[in-house]
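Peer 1: Listed below are the residues making up each chain.
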Amino acid sequence: MNKTLFPQHGANMGQPVPRYEGRAKVTGEARYPSDVRLPRTAYAYLHISRIGRGTVQAFDLAAASAVPGVIDILTHETIGDQIKQTPAIYQGGYASDSFRPLGSAEIAYWGQPVAVVIAETYEAAREAAHRIGVTYGPHSPPAADMDSPDAVAQALVPMAIDVGDFDAAYAAAPIKIDARYSTPAQHQNPMELFATQCMWEGGRLVVHEPSQYVNSVKFGLAEQLGIDPERIRVISTYVGGAFGAKGFLTQRTALVAIAARRIGRPVKLVATREQGFTVSGYRAETRQHVQLAAEQDGRLIALKHEGWELTSRADTVAMGAVSMTTRLYACANIVGRVNAVSADRSTPGFMRAPGEMPYGFALETALDELSSKLDMDPVELRRVNDTRTEPVGGLPYTSRSLMRCFDEAAAAFGWQDRTRQPGSMRDGDWLVGWGCASAFYPTQAGNSAARVRLTADGRVHVSSAGHELGQGMYTMMAQVAAEELGVPIERVTVSLGDSDLPPAVVSGGSAATASVAPAIMAACDAIRRRLGVGNSPPAGVRAAMEASGMGVIEEFAETRAHGLPLESVRDMYRGKALPTGGVSLPDRVQFALGAQFVEVRVHALTHEIRVSRAVGAFAAGRIINPRTAHGQLIGGMIWGISSALHEHTEVDGRNASYINANLADYLLPVNADIVDIQAIMVPEEDKLVNRAGVKGVGEIGVVGVAAAVSNAVFHATGRRLRDLPIRIEHVM
Amino acid sequence: MTTGLSTDRRRFLIGSAVTGTIPFMPRDAASQVPEPSRSPGSYPSVDLTLHVNGQEHRVEVDPRTTLLDALRDHIGLTGVKKGCDHGQCGACTVLVEGRRELSCLTLAVSVQQREVTTIEGLAASDGGLHPMQQAFIDHDAFQCGYCTPGQILSAIGCVREGHASTPADIRESMSGNICRCAAYPNIVVAIMQARERMEG
Chain A
425 MNKTLFPQHG ANMGQPVPRY EGRAKVTGEA RYPSDVRLPR TAYAYLHISR IGRGTVQAFD
485 LAAASAVPGV IDILTHETIG DQIKQTPAIY QGGYASDSFR PLGSAEIAYW GQPVAVVIAE
545 TYEAAREAAH RIGVTYGPHS PPAADMDSPD AVAQALVPMA IDVGDFDAAY AAAPIKIDAR
605 YSTPAQHQNP MELFATQCMW EGGRLVVHEP SQYVNSVKFG LAEQLGIDPE RIRVISTYVG
665 GAFGAKGFLT QRTALVAIAA RRIGRPVKLV ATREQGFTVS GYRAETRQHV QLAAEQDGRL
725 IALKHEGWEL TSRADTVAMG AVSMTTRLYA CANIVGRVNA VSADRSTPGF MRAPGEMPYG
785 FALETALDEL SSKLDMDPVE LRRVNDTRTE PVGGLPYTSR SLMRCFDEAA AAFGWQDRTR
845 QPGSMRDGDW LVGWGCASAF YPTQAGNSAA RVRLTADGRV HVSSAGHELG QGMYTMMAQV
905 AAEELGVPIE RVTVSLGDSD LPPAVVSGGS AATASVAPAI MAACDAIRRR LGVGNSPPAG
965 VRAAMEASGM GVIEEFAETR AHGLPLESVR DMYRGKALPT GGVSLPDRVQ FALGAQFVEV
1025 RVHALTHEIR VSRAVGAFAA GRIINPRTAH GQLIGGMIWG ISSALHEHTE VDGRNASYIN
1085 ANLADYLLPV NADIVDIQAI MVPEEDKLVN RAGVKGVGEI GVVGVAAAVS NAVFHATGRR
1145 LRDLPIRIEH VM
Chain B
-11 MTTGLSTDRR RFLIGSAVTG TIPFMPRDAA SQVPEPSRSP GSYPSVDLTL HVNGQEHRVE
49 VDPRTTLLDA LRDHIGLTGV KKGCDHGQCG ACTVLVEGRR ELSCLTLAVS VQQREVTTIE
109 GLAASDGGLH PMQQAFIDHD AFQCGYCTPG QILSAIGCVR EGHASTPADI RESMSGNICR
169 CAAYPNIVVA IMQARERMEG
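Protein sequence lines correspond, in order, to chains A and B. For the first sequence, the numbering used here gives the first residue as 425, with consecutive numbering after it. For the second sequence, the numbering used here gives the first residue as -11, with consecutive numbering after it.
Next comes chain A alone, as it looks inside the complex (with noise of 0.2 Å):
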């Protein structure tokens, strides 16, 4: 049991000071916006379609319509043309998806909603929306994954990557790896339920909804309800888990909204756990094909790597994450190709790194099988495959760590200890094996602004419509603004989460704390200009203060990331800060890079597969809170045990509808599934990324993990397993 949990602060690291809102969790003092009690509440449930494609041909209301307390019952005969459209983020829009809630009897996917009842308690909503009748016009089957024939596959030819001849290299090679690997819809399901309390205030309508962007509710609601943007603020001021479910305006806040304002009160909406997995985005099941060819000496010689994600037929989503993959290494010859596969399906969106899991399992797998065919160590594999250069644009990476990483978490799992052969470091009845994969994710920022106050006493605050999600960014927000002014943290208060704030990016893409930072750090510098005080040190702003005389100084400021055009900056005040970054900069790549090892045991007779050890190396840049930090990163990687053997979102093929949908059928790890997790963060200074020298950790952790434990288990067992999740009936 490894007592020191937390990093203290080491070289390029801040001070792991603990949460900033530490107390008003774990004492129930934080409101989640469900949580939020608002006057004369009336509550909302919705009735979710039953099929997985066709229409709605009648209702039957009149069962729902006698359960005494009810109020209101909304189908798509009574929102009809109401809510206007608003394309999806994918168009440059504001939604999660592009259907229009309630617009039609159309139905595109199971679990759609059809019908929202409004009564006075939640018992009587949920009794009526279960005596709902819905009639369905005729349907065929829908096509509910890949494999059904009504599925469409394209090319998504934007995103094909040429280098070299790949054909002929491959042609010529004398080693090669040509195999195909799958992985699974997943759910984010983080613990808090989707909720949203709407109520209007004269013209003006509050939403109280966990968001990982506030403005993009705002804006974006404001579209389809065709009111002022100005009269509409959204408060998120805790968020109990998103991990990309929360990126995005959903189709049931403007059904709220509504409601409230035809009741003319407020209403509650708690979504259930089942109807979650149809509210937002998910992780679309991918299938992979991966070519590698390779020198005696291991150098790689021609890399093809190709993906097919499961999308709806409304949205062409992927995350065509061989952008990624063919950058990591050195190689000549690359061939990367995206297709999307349409399907009668919700549209897929973020989770947790969205395309970097799925495409880090199928390189690093691949990988391991290329140094399993050379007899070589895979450390050693991608020591020399190591580059300075991504091999696709020739742009330089702006700092790269990865070897480093190898050799520390190397050092720390002991790997020198490891014999090379299948099945040969059995303990007992326990079939031992040890694997490793690199780990990787794009360093990213977008545009943000923020307000700081310094206070003749020295108190400071700080806001910005950031997102506590459980990073730590109230933390963060007021780590930058104490050590840019020179007070103590206790003296730094915080306000985030509320559009009326000054605009913040998305809390997304691991991005929030190197956009937000700089942002911080821009207003300080404002109030130390102010004071006369320029470059000197912190500590002289107190005292420059103090003799200016002036009660308040109060600063804002708006920062441009790097890559994004001067424009951009006033898409910030109207719900379009989006990140840029890794792969998409004219001049240089930038990625966080680490390097994870695993144990794998599998019992002999049982086939039971648990983990019993993983570490983790990652060189992310700054780290501003080891504290705060470590918890990403531990998180993040049980997130990549989860990935490679509980996670599993299971579709029955009859009706396109998730069978286990709710957390007894959808495996999520406990804590006796978790032994023992280390993370260790390697020193790492990048003055070129973000004037924080930030790269983010929040999904860094989960990427590799999984191709580490597919790899422990051929090293445990001999067996090569290249579909997600690996489980007991896998191994037997």
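Treat the hints as calculated values from the structure; they're not laboratory data. Wrong hints could be hidden among the right ones.
[Unchecked claim] On the chain A side, residues computed to face chain B include the following (Cβ under 7 Å): (1) Thr545; (2) Glu547; (3) Met615; (4) Glu616; (5) Gly665; (6) Arg697; (7) Gly894; (8) Arg1051; (9) Ile1062; (10) Leu1087.
All values derive from a computational prediction rather than experimental measurement. Backbone N, C-alpha and C fix where the C-beta goes; we use that ideal spot for every residue, glycine too.
Assemble chain B onto chain A, guided by the hints.
Peer 2: Frame of chain A, contents of chain B only:
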């Protein structure tokens, strides 16, 4: 992976709550009794007196109302959280007569004469935190905080039951409380610390 209650255990809990012998707990006569809230529904509503964190609360609820919803929507104790409403995640864990129970699987009518403790009832009146609350802060045993009230109450139950002697014991006994942020290693160390202070 999850360790939801089995059907038998569920039936037992509800049965024992309704029909079992119930110890009488003396109440502070001066405690404030708020006006009952009105509640139409398809079943005749019932008048309940709930004893929560040492206070009496009179509520009028639909008989189908869970303890979870009664606490959150009728009494206003929103520290208790709804994560699944099916007894699969543990976010709604409260202590009933000192025992950890899932408030989403407990009907409010079944706990009338029993003392319920929620996260709001743990800190001392001077604001001093319970050793378990402090340990969760000290060891960063949470991230988003949504499962945290349930984790803390379950952890207190775990220590009181004598299931916190080893890390392996804690991991097993805390496996009814899912933490999607996966702060599990920190939760185990926090419980080890708090156990020493609770027993010391």
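Peer 1: A separate judgement is required for each hint: does it hold in the structure or not?
Peer 2: Hints, one by one, checked against the model:
{"no.": "1", "hint": "Thr545", "verdict": "holds, 5 Å"}
{"no.": "2", "hint": "Glu547", "verdict": "holds, 4 Å"}
{"no.": "3", "hint": "Met615", "verdict": "holds, 4 Å"}
{"no.": "4", "hint": "Glu616", "verdict": "holds, 5 Å"}
{"no.": "5", "hint": "Gly665", "verdict": "holds, 4 Å"}
{"no.": "6", "hint": "Arg697", "verdict": "holds, 5 Å"}
{"no.": "7", "hint": "Gly894", "verdict": "holds, 3 Å"}
{"no.": "8", "hint": "Arg1051", "verdict": "holds, 5 Å"}
{"no.": "9", "hint": "Ile1062", "verdict": "holds, 4 Å"}
{"no.": "10", "hint": "Leu1087", "verdict": "holds, 4 Å"}
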